[in-house]
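Asker: Here is how the chains run, residue by residue.
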Amino acid sequence: MEKTLLLVPLFPLVGALLTYVISGKDERHHRMAGWIATFAAVGSFILTFQLWRALSAVEGSVITAHAWTWFEVLPFKVEFAFLFDRLAAVMTLIITGVGSLIHLYAIGYMSHDPERPRFFAYLNLFLFAMLLLVLGDNLLVMFVGWEGVGLCSYLLIGFWHRDMGNAVAGQKAFVVNRIGDAGFLLGMFLLVMMTGSLEFQQLSQQIPYVDPMMIELAAILLFIGAVGKSAQIPLYVWLPDAMAGPTPVSALIHAATMVTAGVYMMARMQVLYSFAPAALSVVLIVGTLTAFVAATIAIVQNDIKKVLAYSTVSQLGYMFMAMGSAAFSNGIFHVVTHAFFKACLFMGAGSVIHGCHHEQDMRKFGGLWRKMPLTFVTYLISTLAIAGFPFTSGFFSKDAILWTVFNVAEDAPAMNHTVVVFGDIPLNLFCWGVGVLTALMTAFYMTRSLMMTFFGKYRGHHEPHESPMVMTIPLMILAALAAGFGFVYGEAFMEYLVGWTRIDMQVGHHALAEHNEVYHTLELFSMGVAILGIVIGVLCYSVCSGIPKALVKHAKGLHNFLVNKWWVDEFYQAVLIRPLSGFSTFLFKSIDRVLIDGILVNGSGMFVEAGGDVLRRLQSGRTSSYAFLMFVSLFLLILLYLVFMPVPI
Amino acid sequence: MGAVTGYLYLSALLFSLGVLGVLVGRNTIVILMCVELMLNAVNIAFEALSVHFQTLDGQIAVFFVMSVAAAEVAVGLAIVITLFRNYLSVETHDAVTLRG
Chain A
1 MEKTLLLVPL
11 FPLVGALLTY
21 VISGKDERHH
31 RMAGWIATFA
41 AVGSFILTFQ
51 LWRALSAVEG
61 SVITAHAWTW
71 FEVLPFKVEF
81 AFLFDRLAAV
91 MTLIITGVGS
101 LIHLYAIGYM
111 SHDPERPRFF
121 AYLNLFLFAM
131 LLLVLGDNLL
141 VMFVGWEGVG
151 LCSYLLIGFW
161 HRDMGNAVAG
171 QKAFVVNRIG
181 DAGFLLGMFL
191 LVMMTGSLEF
201 QQLSQQIPYV
211 DPMMIELAAI
221 LLFIGAVGKS
231 AQIPLYVWLP
241 DAMAGPTPVS
251 ALIHAATMVT
261 AGVYMMARMQ
271 VLYSFAPAAL
281 SVVLIVGTLT
291 AFVAATIAIV
301 QNDIKKVLAY
311 STVSQLGYMF
321 MAMGSAAFSN
331 GIFHVVTHAF
341 FKACLFMGAG
351 SVIHGCHHEQ
361 DMRKFGGLWR
371 KMPLTFVTYL
381 ISTLAIAGFP
391 FTSGFFSKDA
401 ILWTVFNVAE
411 DAPAMNHTVV
421 VFGDIPLNLF
431 CWGVGVLTAL
441 MTAFYMTRSL
451 MMTFFGKYRG
461 HHEPHESPMV
471 MTIPLMILAA
481 LAAGFGFVYG
491 EAFMEYLVGW
501 TRIDMQVGHH
511 ALAEHNEVYH
521 TLELFSMGVA
531 ILGIVIGVLC
541 YSVCSGIPKA
551 LVKHAKGLHN
561 FLVNKWWVDE
571 FYQAVLIRPL
581 SGFSTFLFKS
591 IDRVLIDGIL
601 VNGSGMFVEA
611 GGDVLRRLQS
621 GRTSSYAFLM
631 FVSLFLLILL
641 YLVFMPVPI
Chain B
1 MGAVTGYLYL
11 SALLFSLGVL
21 GVLVGRNTIV
31 ILMCVELMLN
41 AVNIAFEALS
51 VHFQTLDGQI
61 AVFFVMSVAA
71 AEVAVGLAIV
81 ITLFRNYLSV
91 ETHDAVTLRG
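Respectively, the protein sequence lines represent chains A and B.
Going by our numbering, the first residue of the first sequence is number 1, and it counts up by one from there.
Going by our numbering, the first residue of the second sequence is number 1, and it counts up by one from there.
Read the hints as simulated data drawn from the structure, not as lab findings.
We treat Cβ as the ideally placed atom computed from N, Cα and C, and that holds for glycine.
Any given hint could turn out to be false.
Anything over 10 Å on all C-beta distances counts as not near chain A; from chain B, calculated [claimed, not checked]:
hint: 1; residue: 46
hint: 2; residue: 55
hint: 3; residue: 57
Residues on chain B that point at chain A, a partial pick, calculated with CB under 8 Å [claimed, not checked]:
hint: 4; residue: 19
hint: 5; residue: 22
hint: 6; residue: 23
hint: 7; residue: 89
hint: 8; residue: 92
hint: 9; residue: 93
hint: 10; residue: 96
hint: 11; residue: 98
hint: 12; residue: 99
Isolated chain A (complex conformation):
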């Protein structure tokens, strides 16, 4: 099994190399690229599946694989090793499984692109990096993957780099992620300093003995890394812009896998976080705010991919709410269901975009359900799932999160968790309220996008057509999972993670038994919220289409505020980017141009040249003058020796 585990990330790496090699060849080879990449992903999935079977066969087992010792500065040692436990199994199955489907879909979506091999090479390279991230046995291997996925994200956002906007979006993603990565690095340094190790198992053993303040600090620093990668406030601004990339990329990287890396990291470091109650409160607040802010922006977006991008940010906020309540397995559950329905939504949107000849504006869609029935049905199912319609997968995972947030105060003593009080309301109740409100908005804006795209009259110019089977088959599989996963496997999934998580599930179950009535009331309540949101959305965009228009007219200020995304980009531009670029220009003009280029570089050159000009006159080329110098020097040397002679003769 150890060899199999090593092969899992190797498959996409080899796939990436192969597809890159054929990128210079002719069209016939280009057609192969997609299939090679897909087979690499599927191969990886099959291996993962086998590993998962082997893992499940023995209770409480983990599979580890040791590739080589990376470096050793005794007593600090870093192994290049992989760890396959239940958490890694879940993530790896999602990455390779959903990844395979998206690769398959991309064959259809990218069929007209002349640079397909490069695209598939990047996509496979991304899978490799993502697998390193989730399979790494220590924080450093995880960090290699962490940076690798960032790089691939950058390359793929700017895949159509001939358009300046795409290249800029890629750079923005890269730079914003770097800010988070700095936090991640500092967190790692702190952990090495405090515990002398980066290995997850050793860290778990050491952390209880470390100074609590340091634990809090390390937890916050690592969370900053997660904030960057998983697009939370204040670093979420790159994700909506990242939609400049091809749609399969948005589905794979910016919805299903990479952006959940921060959630995974927190789940992996759950021991650290369960000893850091203040950091958890910060996580809870950040997650809640992000979920809310992103949802408000999503309501007024007209670009179908932007709606989905903001809803991704919002759903990631939910995941961090779960993490902030120390309900690590709930968060991972939402990662899984979100991967299904959001990948499906993105690919549905991609199918629409593909079918409408690269139109992304929802105002130019409409009535597409007749033209693209398969895309419509899958999009409908996923919309219901993300809205939390009863008994879809999104309903189960979102409900579980809201329940733990609601309950965190009760469980606080058991988890050593501080309850922050917000006025008269405990923080968690406040967050719960915001979470429910966000759920309502989610149901509304997703229904809005569904109605605008698939119902009413077609408002575009080109004749839309249904996408080929290679694109619709992945959609159908994902839609089936989005619909049924929670209902069929939800319980089993949570039970499966019980063996892995340390605290949260015990607490959750305990609470569940005691508050059964409250739980069912809340469940009914959130069902009602989801259905209410959907109904409002349907009404607003079919029968009473005057309501949104009237709202826009009467609340112009608010509408403007939301359309401009809370002015956050402008705020960053004014407060951070402009001073920074001004300072850089100053440095460039005065320090770099004048001091370094002028005085140091050119100055030293000029000095040497002038000095040489003087000294070259010594080289007269006359033998006698050389001889004269030689004798004079010798004479002087002897004279010196006589003057400073140590022992007089």
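Given the coordinates of chain A, work out where chain B should sit on it, guided by the hints.
Answerer: This is chain B only, laid out in the frame that chain A set:
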């Protein structure tokens, strides 16, 4: 003033003459001859001191110097010939290609 001192003065005088010749000489053959003069001046000093200290060291050194001098002349004359082939002259101020 003993006998040895006189030889030493002679040696110093011949050496200085040789140095002067090397410095002011323009013809490479003359320079070579002056170098020979310097070597032989040293030889005289060796001989004189060998007599003065009643040892054979100086005499042995003289043999070394003579054989080195023979080698030096062989190399020196070869250089002079090459010089002449390239510049059609053996004057030092004609061979100034290395001037900076």
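Asker: Is the claim that residue 57(B) lies outside the interface with chain A correct, judged by CB distances over 10 Å?
Answerer: Holds, since 19 Å exceeds 10 Å.
Asker: Holds or violated: the hint that residue 99(B) contacts chain A, with Cβ atoms closer than 8 Å.
Answerer: holds (3 Å)
Asker: Measuring from the C-beta of residue 96(B) to each C-beta in chain A, is the shortest one below 8 Å?
Answerer: holds (3 Å)
Asker: Would the stated hint for residue 22(B) survive a check requiring a Cβ distance to chain A of less than 8 Å?
Answerer: Holds, because the Cβ-Cβ distance from residue 22(B) to chain A comes to roughly 6 Å (cut-off 8 Å).
Asker: Just double-check residue 46(B) for me: nearest Cβ-Cβ distance to chain A has to come out over 10 Å.
Answerer: holds (19 Å)
Asker: For the hint on residue 93(B), does the least C-beta distance to chain A fall short of 8 Å?
Answerer: Residue 93(B) check passes; min Cβ-Cβ to chain A is 6 Å, inside 8 Å.
Asker: Using 8 Å as the Cβ threshold, decide whether residue 98(B) counts as touching chain A.
Answerer: For residue 98(B), the interface hint holds, since the closest Cβ of chain A sits about 5 Å away, which is under 8 Å.
Asker: Does residue 89(B) meet its interface restraint, that is, does its C-beta lie within less than 8 Å of any C-beta in chain A?
Answerer: Violated, because the Cβ-Cβ distance from residue 89(B) to chain A comes to roughly 13 Å (cut-off 8 Å).
Asker: Can you verify the interface hint for residue 92(B): is its Cβ closer than 8 Å to any Cβ in chain A?
Answerer: Holds - the Cβ of residue 92(B) comes within 8 Å of chain A, reaching about 4 Å at its closest.
Asker: Does residue 23(B) hold up as a contact with chain A if the rule is Cβ-Cβ below 8 Å?
Answerer: holds (5 Å)
Asker: Say whether it holds or is violated: residue 55(B) keeps its Cβ farther than 10 Å from all Cβ of chain A.
Answerer: Check passes; 19 Å lies beyond 10 Å.
Asker: Could you check if residue 19(B) really has its C-beta closer than 8 Å to a C-beta on chain A?
Answerer: This interface hint holds because 6 Å falls under the 8 Å limit.
Consistency with the previously given hints fails for number 7 only.
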